[in-house]
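Chemist: Here is what each chain is made of, one letter per residue.
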Amino acid sequence: MAKSRTIRDGGSAVAGGGLLSRRKLLKGAALGGTAAALSQGVIEAVHAEAEPPDWATLPGEEVRGYGLPAPQEADVKRTQFQIYEDLSPEFGFSGTPLQKLRGSITPNGLHFEVHHGGRPEIAPEQHRLMIHGLVERPLQFDLASLDRYPMVSRVHFIECAGNGFLNAVEPEPQDVGLDVLAGLVSNAEWTGVPLSILMEEAGVKTEGKWVIAIGADAAGLSRSIPMEKILADGMLALHQNGERIRPEQGYPMRTLLPGYEGNMNVKWVTSLQVASQPAFTRDESGAYSDPLPDGRAVRFSFAMGVKSVITHPSGTMTMNGPGLYEISGLAWSGGGAIARVEISADGGTSWADADLQQPVQSKALTRFTIPWRWDGSPTRLLSRATDSKGRTQPTRAAWKARYHPTNINHYNAIQAWDVTPEGKVANAYA
Amino acid sequence: MPMRSGFAALALLGLATTTSMAEGPGLGVPLSEADIPAFAIHIMPDGTGLPDGSGTAAEGAEIYEFQCAFCHGETASEGPIEPLAAPHPGEFSRAAGSYWPYATTLFDYIRRAMPFHAPKSLEDDEVYALTAFVLARSGVIDETDPMDAKTLPKVEMPARDLTVDLWRLQGEEPF
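Chains as they are written, first to last, in my numbering: chain G, 1 to 430; chain S, 431 to 605.
Think of the hints as simulated: they come from the structure by calculation, not from any bench. It cannot be assumed that every hint is accurate.
[To be verified] Listed below are the simulated BS3-like cross-link pairs for lysine-lysine, each with C-alpha atoms no more than 30 angstroms apart in a straight line:
hint: 1; chain 1: G; residue 1: Lys209; chain 2: S; residue 2: Lys584
hint: 2; chain 1: G; residue 1: Lys205; chain 2: S; residue 2: Lys584
hint: 3; chain 1: G; residue 1: Lys209; chain 2: S; residue 2: Lys550
hint: 4; chain 1: G; residue 1: Lys209; chain 2: G; residue 2: Lys389
All chains, please: the whole structure from these sequences, using the hints.
Modeler: See below:
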């Protein structure tokens, strides 16, 4: 057995702990016979069933207007949190089950949510967008009018500033999955009207340096956005992965600020008030500020830092015995594109570069993979992303040292997974 | 006024209109002041946007008991949800009264989002009174100080100078 393993891997190791080179591995598989023999074994087992299955002997279901996942996939759901339970259950959030998804686009029904005053049911024909304040021509737009404007489509992640809150503040690593540890990030193709077009129509006065975006929800959520960002790549998003934005994501419209913390991508947006200064809204004064050890607080920290998580394998999973696996995960940065993701399978002693799934898009989730032969011994898996501006992820200790112990915002430390000899994978602090 | 500069101004205007039309169909409808609801206008730290009206902490205490104490606690410092006043002045707390840099934020937020199950239902006088109540409980103003469009922006919050303004310091470069 040890001998055949040596032949199969054919000198393709790129780092300790069993990390392999995909290129060399593919080359080896083409020449070697063991991998092919294994595959054949699987195929024979499937073909051993002599009778055709029911679904092959009767016509299937009729066409339907809106498709749904297979009923057997019913447990692929967002994980819900209602931290104030009975007092205000409408204040809640739900995390994307990153560990149950592949690729890089988040299905619309699984995009994470955070609502401060519940999910409103907006009548789209009664909704309007107002642009006022320091503009030459205060204007209002209805949805039908906005539909006639030129639109752009871009793939971008949205990440809650508090994504990773458990690892940020829990003294011991909690044994939970990525839906809880990092599920407040999702990725979609957003389509909408560049905010620069609408601002130009309203005529921004020279002293108009900020835009206060306000939602039509019960919370009237409000954030101050630099005009520079609004004009650079701000979007009034109307569509999400092609279809109209889901109610959870701001139906019928939201601000989309690529790379900026989720809270600023104001859902159900109804007002864009142009101002000369930031408004110090409730969220930028309180929950979305980042307290420091000396009692001060970082405010107006907009872009999300570079970050990555291995999704396969990840916390709460159990590996199915030693052998060849593909480590797979997601990396992103609010400051640009992902340039590099390094993986360690020996607790950080050695690292190897993962392959990045193309195209790598700026401020979008990027899938990475690397082959790994697990020999069955206990180990620690780590991923470390670097973005196009050379920023890289800190260790948890380095991140903690920057902030007050209670800070949960902008957590982007290296995520570690411990693997036991039984194959159990669990959250760890590296 | 020489004729030439008049033409120049017209030409500039024409150019701007052409650019605008090239990008969007120009379907925005004029919005008058009267058409803008209160919640669509954010109160600024200098007081811009504050409406008429006034209230005191004593008036606020009565409203607080019925509208707010259920979530924020009898004394406004124990919660269970988001304590508004720090239980121990001087200790780190994210309570609004000790952590928020500007008192105007209290008025704006209470008016747009509170009480949680009936937001935008309070009169401006009630919002001023509740703002005064939270500030008095936080030891920022006296119980008898009335809060209105003139006094509220002048309130010096304990955290006014405790902001590290990252955008001003380094733009969008993360901390």
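Chemist: Now, for every hint given, state plainly whether the structure supports it.
Modeler: For each hint, the structure was consulted:
1. G/Lys209 x S/Lys584: Distance of about 24 angstroms is within 30 angstroms: holds.
2. G/Lys205 x S/Lys584: Judged against 30 angstroms, a Cα distance of about 27 angstroms means the pair holds.
3. G/Lys209 x S/Lys550: holds (28 angstroms)
4. G/Lys209 x G/Lys389: holds (26 angstroms)
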